[in-house]
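So the protein sequences, as listed, match chains A and B.
Position one of the first sequence corresponds to residue 80 (our numbering), numbered consecutively onward.
Position one of the second sequence corresponds to residue 2 (our numbering), numbered consecutively onward.
Errors might be hidden in some of the hints.
To be verified - Here are some of the chain A residues that sit facing chain B, going by a computed Cβ distance under 8 Å:
(1) Y253
(2) S275
(3) A297
(4) V312
(5) A342
(6) G344
(7) T345
(8) I370
(9) K374
Said to hold, decoys possible - Calculated from the model, a selection of chain B residues having no Cβ within reach of chain A, i.e. all distances over 10 Å:
(10) K197
(11) V228
(12) M267
In short, the hints are calculated from the structure, not lab data.
For glycine and all other residues, C-beta sits at the position ideal for the given N, C-alpha and C.
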Amino acid sequence: MHLMSNRLKQLALAGFGAVLLSVPCSAQDNTVKVGVLHSLSGTMAISEDTVKNSTLLAIDQINASGGVLGKKIVPVIEDGSSDPAIFSQKAQKLIQEDKVVTVFGGWTSASRKAMLPVFERFHSLLWYPVQFEGNECSSNIMYSGAQPNQQILPALDYAMQNGKKKVFLLGSDYVFPRTANLILKKHILKDGGVVSGEEYVPLGGTDFSAIITKIKIAKPDVVFSTVNGDSNVSFFKQLAAAGISQQQLPIVSFSIAEQEAKAMGTSLVAGGFTAWNYFQSLKNPKNAAFIAAYKAKYGSDAVLDDPMVHGYIDVLIWAAAVKKAGSFDPNAVRKAATQLASMPSPLGDIKFAENQSLYQTAYVGQFLPDGQVKVVWQSKGALHPDPYDALAFPGKTCVVK
Amino acid sequence: MGHVAIIAGQIFNGFSVGSILLLIALGLALSFGLMNVINMAHGEMLMVGGYLSYLACKFVHGPMSLLAAFLFAFVGAALLGALLEVTIIRWLYGRPLDTLLATWGVSLMLQQGARTLFGPIGVEVVAPAWLSGAVSFDTGVLAGLSMPYVRIFIISVTMVVLVLLTLFISRTRWGLYLRAVHQDREMAQALGVNTKLVDLLVFSVGTGVAGLAGAALALIAPVTPTVGQNYIVYAFLVVIVGGLGSLFGTTLAALFVGLISSAVQMFTSVSLADVFLLVMVIVFIQFRPRGIIFARSRNMKEA
Chain A
80 MHLMSNRLKQ LALAGFGAVL LSVPCSAQDN TVKVGVLHSL SGTMAISEDT VKNSTLLAID
140 QINASGGVLG KKIVPVIEDG SSDPAIFSQK AQKLIQEDKV VTVFGGWTSA SRKAMLPVFE
200 RFHSLLWYPV QFEGNECSSN IMYSGAQPNQ QILPALDYAM QNGKKKVFLL GSDYVFPRTA
260 NLILKKHILK DGGVVSGEEY VPLGGTDFSA IITKIKIAKP DVVFSTVNGD SNVSFFKQLA
320 AAGISQQQLP IVSFSIAEQE AKAMGTSLVA GGFTAWNYFQ SLKNPKNAAF IAAYKAKYGS
380 DAVLDDPMVH GYIDVLIWAA AVKKAGSFDP NAVRKAATQL ASMPSPLGDI KFAENQSLYQ
440 TAYVGQFLPD GQVKVVWQSK GALHPDPYDA LAFPGKTCVV K
Chain B
2 MGHVAIIAGQ IFNGFSVGSI LLLIALGLAL SFGLMNVINM AHGEMLMVGG YLSYLACKFV
62 HGPMSLLAAF LFAFVGAALL GALLEVTIIR WLYGRPLDTL LATWGVSLML QQGARTLFGP
122 IGVEVVAPAW LSGAVSFDTG VLAGLSMPYV RIFIISVTMV VLVLLTLFIS RTRWGLYLRA
182 VHQDREMAQA LGVNTKLVDL LVFSVGTGVA GLAGAALALI APVTPTVGQN YIVYAFLVVI
242 VGGLGSLFGT TLAALFVGLI SSAVQMFTSV SLADVFLLVM VIVFIQFRPR GIIFARSRNM
302 KEA
């Protein structure tokens, strides 16, 4: 598949897209509709809007190189409004009224769990682009974001290797941090480490004074933070005000990527650690092309991060799977997707495993003063995704039908 | 850290949390306590104050930026409060449920407005360099204790506001009018007090102080469209526990809530501390339904 694209081609494509949208009915025969369902309003919009952008970029690029099975892809964009109930309604609308062949979207675990029954009932297929807590395995979802063993556990290994044995777990109070910490605790104890504290703040909470005192008393070697959203700004500000620097106490954040670092103020997070499967700073030809194409379409000051690139590759893998299956049928496509050969992408070589999650490389990085991330550790090759951690969820395995 | 240092640190944290609560609750104590208006948009005045201080810091640099931020936040929030009073609240006096719904609508509009103008993620006010250190103890029983300058600054601002407000109410002519209207509206009116103007003044001073709270909070937390929602419930709690119409009671209640919640947080989680606090307040209200200090007034219906 020809992915490289220049600005001229995209301009031509934008014009073509406009023509397509203006005459939807007459073009029915040689187009195929896909759903793009992200929060474009509400508290999650800041993160999800850019994933929608990169999803549309991939659709543009595929259309520019001739579409799929001779058909142009027409995205139907819906707004989940940061509300799980609306995600569920819109997913049903996309499948039933718009007759889309597949849907790309979702961010929070709550939105995914709300959409899951809809996709199962209508035998459709959702491509989910964000890292999550695992402990879920649906035949109707392609999980391209990291499983716990591809993000949080490699970061724990890295910390342990560097002698950081006393770990303080801090998170926002909802399903992802609670499950992630459940898994982390089991592994810390198994590896001979110590859990020196476990604390949760309500989503959006702004007061960390008691928690910072507890951190001071516990004297951990490292803090693993699954604090989400704006609370991070309060946490880092109050930590700095209390005289604790990142040199004395490293913070490993699992919910801060380049986008969030930019929005929070890069000086706050500089020196802190983060773990993902993609950083904008990764050096490979696919990434260089992806960054150039994204900046050409959405502006040169754009910042790219992990969920965005997952939103992008999901479309590419879907198109490749459709070609392999020779059909848009969701069942045939998901089976074909797991049989595709490993392919190069901005985040390295990737491939969907038999359990419909993605083989990918884990990276641990350190924030630089400009908000970009320097890779300090990476796994040996792509890791097999494991939705059910053997220590935390013994006896459970993921078998797709 | 020794035990003494930990206890001292939590008392300090309690004062710090309590002083922010107090700044928010003072405005409510004026509008809810003195005028019997349930202003659901009070939290959004805090939010507006936060965004105004962010804007002020963007345009004014140097040592004056913090002063400009607080001034801008106070005046801006007070003007917005005045506008709210003139356009909506004035027409709904004596109809508390209508006021509640109308101001709730205003609160939603302000939140969405902030989201549209500034985006859904928070903006940041960077505290000036001289506020970035902390008073730290390295030896003695207090070893390990550190009190950030920025929190000390917020406590000081709150004390100054409290003193100024008390002086305003007890020593000035307008403060006298305010007390007169509070005690007996009809009689004050009969004696020539312009009660409409007094209402307007009280309400806008109240929202202005909430704006100050927003500017103070912006120093330690991000300003988001929904930041007011985190504090509005606690502010009402403080006013009710303190006793309607008493600034002194409000002050005691704010410190009580701040100290209790930071003490309990040391032993349990943040969420459980909230539960514990609410249970304590409910029990307290059973024994003192009118709060810590209750000011007698003919203006309010005796329950």
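Hint check results:
no. : hint : in the structure
1   : Y253 : violated (11 Å)
2   : S275 : violated (14 Å)
3   : A297 : violated (10 Å)
4   : V312 : holds (4 Å)
5   : A342 : holds (5 Å)
6   : G344 : holds (5 Å)
7   : T345 : violated (11 Å)
8   : I370 : violated (22 Å)
9   : K374 : violated (20 Å)
10  : K197 : holds (37 Å)
11  : V228 : violated (7 Å)
12  : M267 : violated (6 Å)
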